[in-house]
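Undergrad: Full structure from sequences and hints, please.
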Amino acid sequence: MLEKLFKLKENNTNVKTELAAGLTTFMTMAYILAVNPSVLSAAGMDSTAVLLATCLASFIGTACMALMANLPFALSAGMGLNAFLAYTVCGVYGYSWQVALLAVFIEGIIFIVLSLTNVREAIFNAIPLSLKRAVSVGIGLFIAFIGLQNAGLAVGSATLVSLVDFRESFRTSGICALLALIGLLVTAILYIKKVKGSILIGIFGTWILGIICQGVGIYVPDAEAGYYSLLPSFEMTDFSKLGETFGQCFNVDMNGVGIFNFIVVIFSFLFVDLFDTLGTLIGVSTKADMLDKDGKLPKIKPALLADAIATSAGAVLGTSTTTTFVESSSGVAAGGRTGLTSLTTAVLFLLSMLFAPIFIAIPSFATAPALILVGFLMFSTITEIKLDEKNYASAIPAYLCIIAMPLFYSISEGIAIGIISYVVINLICGKRKDINPIMYVLAVLFILKYAFL
Numbered sequence: 001m002l003e004k005l006f007k008l009k010e011n012n013t014n015v016k017t018e019l020a021a022g023l024t025t026f027m028t029m030a031y032i033l034a035v036n037p038s039v040l041s042a043a044g045m046d047s048t049a050v051l052l053a054t055c056l057a058s059f060i061g062t063a064c065m066a067l068m069a070n071l072p073f074a075l076s077a078g079m080g081l082n083a084f085l086a087y088t089v090c091g092v093y094g095y096s097w098q099v100a101l102l103a104v105f106i107e108g109i110i111f112i113v114l115s116l117t118n119v120r121e122a123i124f125n126a127i128p129l130s131l132k133r134a135v136s137v138g139i140g141l142f143i144a145f146i147g148l149q150n151a152g153l154a155v156g157s158a159t160l161v162s163l164v165d166f167r168e169s170f171r172t173s174g175i176c177a178l179l180a181l182i183g184l185l186v187t188a189i190l191y192i193k194k195v196k197g198s199i200l201i202g203i204f205g206t207w208i209l210g211i212i213c214q215g216v217g218i219y220v221p222d223a224e225a226g227y228y229s230l231l232p233s234f235e236m237t238d239f240s241k242l243g244e245t246f247g248q249c250f251n252v253d254m255n256g257v258g259i260f261n262f263i264v265v266i267f268s269f270l271f272v273d274l275f276d277t278l279g280t281l282i283g284v285s286t287k288a289d290m291l292d293k294d295g296k297l298p299k300i301k302p303a304l305l306a307d308a309i310a311t312s313a314g315a316v317l318g319t320s321t322t323t324t325f326v327e328s329s330s331g332v333a334a335g336g337r338t339g340l341t342s343l344t345t346a347v348l349f350l351l352s353m354l355f356a357p358i359f360i361a362i363p364s365f366a367t368a369p370a371l372i373l374v375g376f377l378m379f380s381t382i383t384e385i386k387l388d389e390k391n392y393a394s395a396i397p398a399y400l401c402i403i404a405m406p407l408f409y410s411i412s413e414g415i416a417i418g419i420i421s422y423v424v425i426n427l428i429c430g431k432r433k434d435i436n437p438i439m440y441v442l443a444v445l446f447i448l449k450y451a452f453l
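According to the numbering used here, the stretch in the sequence shown is residues 1 to 453, in order.
No lab work stands behind these hints: they were computed from the structure.
Check each hint, because a few of them may be wrong.
Unchecked claim - Straight-line distance between alpha carbons at most 20 Å, and here's what the computed EDC-like set of lysine to aspartate or glutamate pairs gives:
id, residue 1, residue 2
1, K433, E389
2, K449, E413
3, K299, E10
4, K431, D388
TA: Pasting the structure below:
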């Protein structure tokens, strides 16, 4: 049955290899189960509900990838996209998380339509490569900055932001910041040594160090200051919590929500998810030698459709945009070549729901190292941006896009500034041939946003 369903022999693999690859993929991306509730809880969402929604959305999306495209790619709540929802849409714009989830749901529906046509690829091709890579780099810096804040390492000061004074309130904020720094170094070393599940190990290792510090009295819980006991509860998962987010994207109050601003939010989700997914599919497919002679992925349409379905399903369940994870490359490196790899990962995500109380108890200083390291992995794309004098017309907009995201605390602002500056600079410098007509439309839309909002 498995041979008929996944064509194992045709792909030069076997059941044992596929199962091992699926476990490997899960281990490398399971950190999202600790990080996503931590990030989205900043938007006012219940942590347990977010975790359950994340598990279910990951299961649905990854299973769709397995059965529809027969590809070894796994999906879950996208890093950067969850931060955009919590810190920009809900934090900066002041929208409720219900409105934000509605935007994610609509984005998913649009993606389903686009995935059934060639429009998604056309939009992807319209954006210059330098800006595509800049978006990844900028999100990396944005995520890293959030990680530094969650760790308590970056704090407000007269210079807007500075390094925390470890000696001040050492038994609460000071020790948490120090543990986060130690966790970051440990996680980085494990990752460099190619230890499977290094990011997840780093999260749990940092948490355990915190528990030890609490046990010997170095860390002292102070509920009034927001520092709680680090000891986990081993109670059963409260599955009823899912009801707090399920279907809430349809229960929204649109009063005070400007329609144009709402469209910009949808477009921002759409833009980031678009490049994140296509970039991941191309990158992982290249590693697995799945691209054809023209450098295209033969099964890209069902893969994109699976991603789009997962996004809408995740919004209904109660989590941010669900997208294909670059960590899928770890399973590919372990020999995964078919949908049996992703189906294995999907089942493991489903089983993770039973351990919700443990994941929810993980403190933010323990997940901060994961955010900072993932930020580095996204930032590494900067080496692919041509920064020489001949390419200034594309490099400078890429640079503006990158620095705008962390400094303006908004992914969408970085995208807007990058697109506008690219069109204006290239137009005035006489490089009209380098501007795709779609870019003009996008630039005008963003300019209208700043002019009238």
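Undergrad: When the hints from earlier in the document are held up against this structure, which numbers fail?
TA: none
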